[in-house]
Amino acid sequence: MTFDWKWDFALEILPRLLRATLNTLMAAGAGYAIAMVLGLVFALALRSPWHLPRAVLREVLEFIRSTPLVVQIFFIFYVGPQVGITLSPWVAGMTAIGLHYSAYLAEVYRAGIEAVPRGQWEACRALNMTTRDSYVRIVLPQALPHAIPGMGNYLVGIFKDTPMLSVIGVTELMQAANSIGSETYRFLEPYTLVGVIFLALSLPTAGLVRLGERRLRRKLGL
Amino acid sequence: MDLSAYPLELPKGDCPMVRFMNVTKSYGSLVVLDNLNLDIQRGEMVSVIGPSGSGKTTVLRMLMTLETINGGVIYIDGKPLTHMARGGRLVPADEAHLRRMRASIGMCFQHFNLFPHMTALQNCMEGPVQVLGLSKAEARARAEELLAMVGMIEKKDQHPSRLSGGQQQRVAIARALAMRPRIMLFDEVTSALDPEVIGEVTEVIRKLVAEHDLTMLMVTHQMGFARDISDRICFFYKGKIEEQAAPEQFFTNPQKERTQQFLRAVKDAD
Chain A
1 MTFDWKWDFA LEILPRLLRA TLNTLMAAGA GYAIAMVLGL VFALALRSPW
51 HLPRAVLREV LEFIRSTPLV VQIFFIFYVG PQVGITLSPW VAGMTAIGLH
101 YSAYLAEVYR AGIEAVPRGQ WEACRALNMT TRDSYVRIVL PQALPHAIPG
151 MGNYLVGIFK DTPMLSVIGV TELMQAANSI GSETYRFLEP YTLVGVIFLA
201 LSLPTAGLVR LGERRLRRKL GL
Chain B
1001 MDLSAYPLEL PKGDCPMVRF MNVTKSYGSL VVLDNLNLDI QRGEMVSVIG
1051 PSGSGKTTVL RMLMTLETIN GGVIYIDGKP LTHMARGGRL VPADEAHLRR
1101 MRASIGMCFQ HFNLFPHMTA LQNCMEGPVQ VLGLSKAEAR ARAEELLAMV
1151 GMIEKKDQHP SRLSGGQQQR VAIARALAMR PRIMLFDEVT SALDPEVIGE
1201 VTEVIRKLVA EHDLTMLMVT HQMGFARDIS DRICFFYKGK IEEQAAPEQF
1251 FTNPQKERTQ QFLRAVKDAD
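Residue numbers (my numbering), protein chains in the order written: chain A, 1 to 222; chain B, 1001 to 1270.
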């Protein structure tokens, strides 16, 4: 067995892999958007004054975090139709990834919100602001800079987890590499390129997140 | 708790601006305020002094509804604050009632609690726009007038992080006044300040006392200042009012042993 890398083959499959990369980015972006919104809803619900729903939600989120994403993907895609919920691979995949990561982002948001000093809440109250205004105008803008590093980590995480969508046939990067492998019986080049593409996209993200955090802090005058 | 002994409203006429009626506050088994009875008249300036842990800050926090109470009733301008009338009897206040009643109370904090992501001007406009529903232009005019009054108009576009403690506290006073409260609460507003800037904040409070028709309640450690501007001094000790009197009487001729001890200790520390 030799380790023979073929440049012409690699260049030949690169356009196909890059096209699939677009799908990967879309999947990561859409999944992240769902996770960001849902995560905020969960974070706020975890701070609601109602004990029972709060306790139930806490357990549900713990359950989501404690079971593998790939199981959740399979479950939504294959078990869903048995209870009358038939979703396309894309929609099922986005739902699973969005839900899974919302459970993590809820924690990130919660920590960010709790990092805002209690005095800010008291000032809101002394100005007779509603709870909603206190969150929207005062607390969340200050919580965001605290949350950004954690949010950035999960953005990279969600991106790296998109290959799991290949198990239900979403044509993302991993799926494309698999197809190339089974068509040509060459695996070295496609999988290596997949790794390189992921690296090339993940590395700058961390830097961009740090930059974004600094910019936001300056913009908010913090 | 039996609330039937408490009136739904205090009789009109000469009812006090603030009345604490048998107010009790405890955390678990720790009693912070024990059966407090205190009236504050319209336009009166009352200073609350006492050793730490005597419950003096709690008095202010209860009035601002930052703390709930465990017993008794607080009345503002004759109407219950902590409770509300329903079906001819008093029940604990709901959020809507608290919001109505809170509108007449403003508070300044030891650590200012300005909104760090807003400029001084935005801090003073936030409440009037969001809560009172003023237009931006009206709110700005009112905020600028107040910032000028506290001597902060030149710094109106600065964020709090660019301001000194004394400057932040003056903005905080303007922010509270922008809501047009009838009662102002000052919770150790000079305690976190460097000595050289205390004067700029006390000057503003002096001005308020002289020019405005506010009812004020101030927790402070500055005996000289309290003596100068107060109508009355309340000395708290272990959750009770140990002694209260007009400033001259209180500082020159304290009646109670505890008061004398406290004033001696404070004098020694100076």
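Everything labelled a hint here was simulated from the structure, so no lab data went into it.
Just so it is clear, the structure is predicted and the values come from calculations on it, not from any experiment.
Hints may contain errors.
Said to hold, decoys possible - No more than 30 Å apart at the CA atoms, straight line, and that leaves these computed lysine-lysine pairs for DSBU-like:
#, chain 1, residue 1, chain 2, residue 2
1, B, Lys1156, A, Lys219
2, B, Lys1256, B, Lys1238
3, B, Lys1136, A, Lys219
4, B, Lys1238, B, Lys1155
5, B, Lys1240, B, Lys1079
6, A, Lys6, A, Lys160
7, B, Lys1267, B, Lys1240
8, A, Lys219, B, Lys1238
9, B, Lys1240, B, Lys1256
How the hints compare with the structure:
1. B:Lys1156 <-> A:Lys219: Given pair lysine 1156 (chain B), lysine 219 (chain A) holds - Cα atoms ~17 Å apart, limit 30 Å.
2. B:Lys1256 <-> B:Lys1238: holds, 14 Å
3. B:Lys1136 <-> A:Lys219: Holds, at about 21 Å.
4. B:Lys1238 <-> B:Lys1155: The given pair, whose Cα atoms are some 42 Å apart, is violated under the 30 Å limit.
5. B:Lys1240 <-> B:Lys1079: Holds, at about 24 Å.
6. A:Lys6 <-> A:Lys160: holds, 26 Å
7. B:Lys1267 <-> B:Lys1240: holds, 22 Å
8. A:Lys219 <-> B:Lys1238: The hint is violated at about 47 Å.
9. B:Lys1240 <-> B:Lys1256: holds, 13 Å
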